[in-house]
Structure formats: structure tokens, C-alpha cells
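J.: Take these sequences, add in the hints, and give me the full structure.
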Amino acid sequence: MSATMSLKTVSKRSSRGRGRGLLRRIVMIVALPLILLSLWWIGSANSTNFLNPPLSTIIGTFWETWFTADTFADTRFMSDVIPSVGRILAGYGVALVLGILLGVLIGSRRNLRAFLEPVLEFFRAIPPPVLVPIFMLFMGIGPEMRITVIAIGCIWPILLNTVEGVRGLDPVLKDTASAYRLRGRRRLTHLVLPGASPQIVTGARQALSIGIILMVISEMFAGRDGLGFSIVQFQRSFAIPEMWGGVILLGLLGVIMSLVFRVITDVILKWYYGYLQSQRGGE
Numbered sequence: 001m002s003a004t005m006s007l008k009t010v011s012k013r014s015s016r017g018r019g020r021g022l023l024r025r026i027v028m029i030v031a032l033p034l035i036l037l038s039l040w041w042i043g044s045a046n047s048t049n050f051l052n053p054p055l056s057t058i059i060g061t062f063w064e065t066w067f068t069a070d071t072f073a074d075t076r077f078m079s080d081v082i083p084s085v086g087r088i089l090a091g092y093g094v095a096l097v098l099g100i101l102l103g104v105l106i107g108s109r110r111n112l113r114a115f116l117e118p119v120l121e122f123f124r125a126i127p128p129p130v131l132v133p134i135f136m137l138f139m140g141i142g143p144e145m146r147i148t149v150i151a152i153g154c155i156w157p158i159l160l161n162t163v164e165g166v167r168g169l170d171p172v173l174k175d176t177a178s179a180y181r182l183r184g185r186r187r188l189t190h191l192v193l194p195g196a197s198p199q200i201v202t203g204a205r206q207a208l209s210i211g212i213i214l215m216v217i218s219e220m221f222a223g224r225d226g227l228g229f230s231i232v233q234f235q236r237s238f239a240i241p242e243m244w245g246g247v248i249l250l251g252l253l254g255v256i257m258s259l260v261f262r263v264i265t266d267v268i269l270k271w272y273y274g275y276l277q278s279q280r281g282g283e
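Just so it is clear: in the sequence shown, position 153 is 153 by the UniProt record's numbering, and no numbers are missing.
By construction, these hints were calculated from the structure, which means they are not laboratory data. Glycine included, C-beta positions come from ideal geometry on N, C-alpha and C. Worth double-checking, as some hints may not be accurate.
Unchecked claim - The following label-pair restraints were derived from C-beta to C-beta distances: (1) I29 - A69: 27 to 37 Å; (2) D74 - L23: 25 to 35 Å; (3) F261 - V130: 22 to 32 Å; (4) A69 - P127: 52 to 62 Å; (5) I256 - N52: 23 to 33 Å; (6) S56 - L188: 17 to 27 Å; (7) R167 - D74: 30 to 40 Å; (8) A31 - R167: 23 to 33 Å.
T.: So, in C-alpha cells, the structure goes:
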């Protein structure tokens with residue numbers, strides 16, 4: 001009986017500890033944004049500057065600008081934001097697949113890596129926004145061009161980090177896989193991809209930020225719709241509160257995509273976090 005009571009007590013304490021840890025994490029996530037918004041609200045409360053309207057004015061026009069129409073399908077959110085999200089997901093998805101496939105191929109073959117490394121480093125050094133006017137010349141200003149720009153800009157961090165991850169696989173793990181005669185697809189799925197996954201995730205995280213930047217820039221320079229296009233149109237028509245609302249919406253979009261990415265990668269790297277914890281003595 002006493003043993004059962006002690007187990008229940010330990011379980012309650014662990015649940016309370018997890019709850020407190022989750023609450024602390026939520027507070028840490030939202031504390032800084034709330035502080036910054038409060039400072040912005042207070043600092044701009046009495047602003048008469050046309051280019052820096054009060055935050056209350058920006059928030060007051062936000063819902064009407066992006067979510068108000070006869071039907072939800074006719075809102076600016078559906079006509080501009082959703083296409084932007086679709087383009088970044090398409091370009092980022094293409095870059096993710098091609099970057100991992102080519103990275104595994106190049107990283108697994110030393111001669112091929114030595115042959116291609118100078119070229120890869122050259123293209124890596126080119127700032128991705130420079131690609132926008134170049135691709136405009138060859139592909140016009142359609143959505144295919146914007147998806148291509150996002151894919152080309154995102155592929156380099158994924159590709160190069162995948163190459164480094166495959167090249168840096170633990171020799172002991174390689175020998176173990178050889179001893180168990182892992183070949184072909186089984187070697188790829190049981191050794192190469194899991195072993196290189198921390199590096200791949202690092203490159204994918206960098207590529208996501210680049211993708212958002214390229215999405216906005218391509219829509220600003222060569223778009224007929226999209227979030228970047230709307231922000232520029234508001235700026236050109238001197239609708240400053242609406243322009244700031246677009247900037248805020250862009251930031252919220254980036255935060256949401258980052259959180260979704262974090263959830264997915266936490267599942268993928270669960271084994272890796274457990275390994276690091278065991279290396280630290282289970283702390």
C-alpha cells in the first residue's frame with residue numbers, strides 16, 4: 001500500500017514538474033514579444049508622424065484589411081497570403097528533396113565531392129536576392145519564376161549541410177553497418193540519413209529563413225499578387241497603417257512556420273536529443 005502511495009506521489013510531482021516546465025517555456029516565448037509590443041504601443045501612442053502611426057491605428061486596420069470581405073474567399077488573406085504560403089512551400093519542398101538527394105550522393109563519393117566543391121562554394125557565395133532579376137529575364141514574372149527563385153536560393157544550405165553530415169558520419173557506425181552487410185536502401189535509411197539528420201536539419205532551418213526572404217523580394221519586384229506585392233502596393237499608395245499591418249502579418253507567418261518546423265524536427269531528432277542526454281549523464 002505504501003509503495004503504491006509513493007508511486008502516485010512521484011507521478012504527481014513529475015506531472016507538476018512538467019506542467020511548470022511547460023508554463024515557464026510559454027512565458028519565455030511570449031515575454032519578449034509582449035514587452036516589445038508594449039514599448040511600441042506606448043512609444044507611438046501620441047505619434048503624429050505620417051510614416052510612424054500609433055500601433056493602435058495599425059491594429060485597428062489590420063482585421064479589416066486582411067480578413068474583411070463579402071466572403072472569406074474574397075479576403076486579401078486568401079488572395080495574397082495563401083498564394084505566398086503555397087509558393088514558399090513548393091519552392092522549399094523542391095529544395096529540400098533535391099538538396100538531400102544530391103547531398104547524399106556528393107557526400108558519399110569523395111572524388112565527386114572534390115570535383116564539385118569549388119563550384120558549390122562559388123554558387124553558395126552568391127547572395128540569393130541577386131537571383132530575382134536574373135530569373136526575371138529568362139522566366140518572366142509568373143509564379144513559376146518565384147518558385148524557382150525560392151528553390152534555388154534554399155537548396156544551397158540544405159545541400160552543403162547534407163554533404164558535411166554524410167561526410168562526417170561516425171567511422172564506427174560505418175564499420176558496424178558494413179559488418180551487418182547493410183547495402184543500398186537499408187544503408188541509406190538506417191545509417192546515412194539518421195546519422196546526417198542533425199546537419200540536414202541545420203541546413204533546412206537556414207533555408208527556411210532564406211525562403212521567406214526570397215518569397216517577399218520576388219513578390220515585391222515581380223509579382224501581381226502575394227504578401228510582398230501587397231506591402232509594396234500599400235507603401236506606394238501611402239496606406240501606411242495597412243503597410244505596417246502587412247509587415248506584422250509577415251512576421252507572424254515567419255513565427256508560425258518556424259514553430260511548425262520546430263515541432264517536425266523535434267520528432268525527427270528525438271533519438272538525437274536522447275543520445276545527447278545520455279552523453280551528459282541523463283541530466
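J.: Each hint needs a verdict: does it hold in this structure or not?
T.: Tested hints:
Distance hint check: the CB atoms of I29 and A69 are about 32 Å apart, consistent with the given range 27 to 37 Å. Under the hint 25 to 35 Å, the C-beta atoms of D74 and L23, about 40 Å apart, miss the expected range. One distance hint, 22 to 32 Å for the beta-carbon pair F261 and V130, holds here, with the actual separation near 26 Å. Taking the beta carbon of each, A69 and P127 are about 38 Å apart, not inside 52 to 62 Å as hinted.
Against the hinted window of 23 to 33 Å, the Cβ-Cβ separation of I256 and N52 comes to about 26 Å, which satisfies the hint. A hinted range of 17 to 27 Å for the beta carbons of S56 and L188 is inconsistent with their spacing of about 55 Å. Between R167 and D74 the beta carbons are some 52 Å apart, a value that contradicts the proposed interval 30 to 40 Å. Between A31 and R167 the beta carbons are some 40 Å apart, a value that contradicts the proposed interval 23 to 33 Å.
Of the numbered hints stated above, those contradicted by the structure are hints 2, 4, 6, 7 and 8, listed in ascending order.
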